[in-house]
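A.B. asks: What follows is each chain in one-letter form.
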Amino acid sequence: MRQELGEVLRAYGGKNERVVVLDADVSSSTMTKLFQEAYPDRFFNVGIAEAGMVDTAVGLALGGWIPFVSAFAAMLCYRAFEQIRTCVAYNRVPVKLLAGYAGVSDYKDGPTHHSVFDLAAMRAMPNMTVVTAADGGEMKELIPAVAEYDGPVYLRVSRADIPYTDMSGEPIAIGKGRIIENGADITLIAHGVPLYRTLQAREILAERRVDARVVEMHTLKPLDAELVRRCARETRGVVTVEEHSVIGGLYGAVAETLIGETAVPVVPVGIRDSFTCTGPSPESLWDAVGLAPQAIADAGLAALEKAKRRS
Amino acid sequence: MPHYTSDELRDLEEKARSLRITCLEMIHRRGAGHPGGSLSAAEIVAALYFRKLRVDPKRPEDPDRDRFVLSKGHASALLYAALAERGFFPREDLEAWGELDCHLQGHPERLKTPGVDMTTGVLGHGVNIGAGLAMAGRLDGRSYRTYVLLGDGECQGGIVWEGAMTAAKYRLDRLTVIVDYNDVQLDGFVHEIMPLEPFVRKWEAFGFAVLEIDGHNMRQVLEALDEVENIHDRPAAIMAHTVKGKGVSFMESRSVWHGKAPDAAELELALKELAKGAGGGRE
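Chains D and Y are the protein sequences, given in the same order.
If you're matching positions, the first sequence starts at 3 in the numbering used here and goes up one per residue.
If you're matching positions, the second sequence starts at 39 in the numbering used here and goes up one per residue.
For reference, chain D alone in the conformation it holds in the complex (with noise of 0.2 Å):
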């Protein structure tokens, strides 16, 4: 969904004239290069330096300016952490952090370039908004949704081409999950770029008689913590489905807001506290790592299976 980002960024570029785009040597690649031709004289390539160029950012946000910082995840993530914590999150500023390549999307790079842990690490920090795309449509609504939020938002990207899925039916709101499809049996919440092979899922479980509510929560922090508490009272399973370890991402910010309210029983789909290889395609990498829309039907029939238990 890259290209989708370049050019929401660009078309975005023109009405708001207070953004400006920072990159560290990926531009051709994070696609923010269309953003470099229309408006030059907004864009910095600050050489690979992902560190450093978060820090300028903060200075560009200081002088009244809405920076938006791209790099591949796993560097501006963890290389750029201290910068984040430090100079974006506890000094509050409105720095954008455009988490490309994020995920294991970069398939063919492999674990260096594959981000599996950083919704855990920025979802932990005070002050931060965690975003996260399911596919290029949902990009288009978010960059404006994104610039325009008060405060800090790390906003991570798929290098990966992804599957429309039609969200028309509700406006998009940062902090919002919105149902995709609605279901009485076990609901299946998906962030980011999962959302169309948990919709697969869904048709699986269906053959199944299974009848599957699947919600698209691309805000990971603030949690839409009315909505999952609504879907555990409405159905009797949760599943959570992330390209991201089982650890601190989806699954903990569920399970947090669920646990000693309620008995329904929480399944993971995600990865499992382990660095990831490389593939042949994005695709492949992900019914590797778990994320099969098989895998996530069997999570839903095991969240039932428990739930029968526990009744």
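Take the hints with a grain of salt, since some may be wrong.
When the alpha-carbon atoms are kept at most 20 Å apart in a straight line, the in silico SDA-like pairs for lysine to any residue are as follows [as the list claims (entries may be wrong)]: (1) D/LYS110 <-> D/SER276; (2) Y/LYS90 <-> Y/ASP102; (3) Y/LYS207 <-> D/TYR41; (4) D/LYS35 <-> D/GLN5; (5) Y/LYS150 <-> D/THR88; (6) Y/LYS150 <-> Y/GLU130; (7) Y/LYS150 <-> D/ALA91; (8) D/LYS35 <-> Y/LYS207; (9) Y/LYS150 <-> D/GLY153; (10) Y/LYS150 <-> D/ARG87; (11) Y/LYS150 <-> D/ASN129; (12) Y/LYS207 <-> D/ILE50; (13) Y/LYS207 <-> D/PRO42; (14) Y/LYS207 <-> Y/LYS240; (15) D/LYS17 <-> Y/LEU177; (16) Y/LYS150 <-> D/ASP152; (17) D/LYS110 <-> D/PHE277; (18) Y/LYS207 <-> D/ASN47; (19) Y/LYS207 <-> Y/LEU177; (20) Y/LYS150 <-> D/ARG94; (21) D/LYS35 <-> Y/TYR208; (22) Y/LYS207 <-> D/GLY49; (23) D/LYS310 <-> D/ILE261; (24) D/LYS310 <-> D/LEU260; (25) Y/LYS207 <-> D/GLU39; (26) Y/LYS150 <-> D/TYR92; (27) D/LYS310 <-> D/ALA186; (28) Y/LYS298 <-> Y/ALA134; (29) D/LYS17 <-> D/LYS35; (30) Y/LYS150 <-> D/PRO128; (31) Y/LYS207 <-> D/ASP43; (32) Y/LYS207 <-> D/ASP27; (33) Y/LYS150 <-> D/GLY66; (34) D/LYS17 <-> Y/ASP178; (35) Y/LYS150 <-> Y/CYS140; (36) D/LYS310 <-> D/ASP187; (37) D/LYS35 <-> D/ASN18.
The set of hints was computed from the structure by calculation and includes no laboratory data.
Fit chain Y to the known structure of chain D by using the hints.
C.D. replies: For chain Y alone, coordinates are given in the frame of chain D:
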């Protein structure tokens, strides 16, 4: 270039001496703080806050104000003393430094303390932040200048040089970096822990115009700050040779005083020395 009369110089030296006294009293009262690097930068901060910086305590958020980033945030006592003296908040606030309900944090925090332009404390951030501020001002066509006070030890961290490259690439002539080169850091001498020499040539090689001064000589500090305003094609670095703990003989050049508070007897001794006017090196 303005000529400074001996009265003007004397007044500013007196300000520097007064800042030193306030710093030591603050650090003693709190039982915590960083005297060495506060005393070494007293002339620099006095020259900035009482002569050079275009700031207005009544309008601390004025978008056209000059910016000051204390990259060596552990010298917070010095910044707080200057801001209070300049009228950004009442002097009494200094007495509550570090208390739970006090806006003065251990290290400077922009969101809590009026007049603090950037939250600092973790070393190495200043040059990049300053570069960003200078870019922001240029994009908006504003004429403010950005000053960053760096410790020498923090230049051991690579991120300082990322900022230097950015400032040089974009020819940020309204950015001035001042290095408080006192050659002492927490664990010992800078030249032993991780040598920085040839330090001036490093900044030059990174694209800065470099001025080398005695950082305790008020005339030299002021003239360097004037001179950088005449450099229009690149950022400037003022390499200020200083003495850690300047003005208090038992603190001078001793790393143990990097982050240790003086007890009552030590404070009394220090204040006696400062009362005699030790410190500001007149030509």
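A.B. asks: Broken hints, numbered, in rising order?
C.D. replies: none
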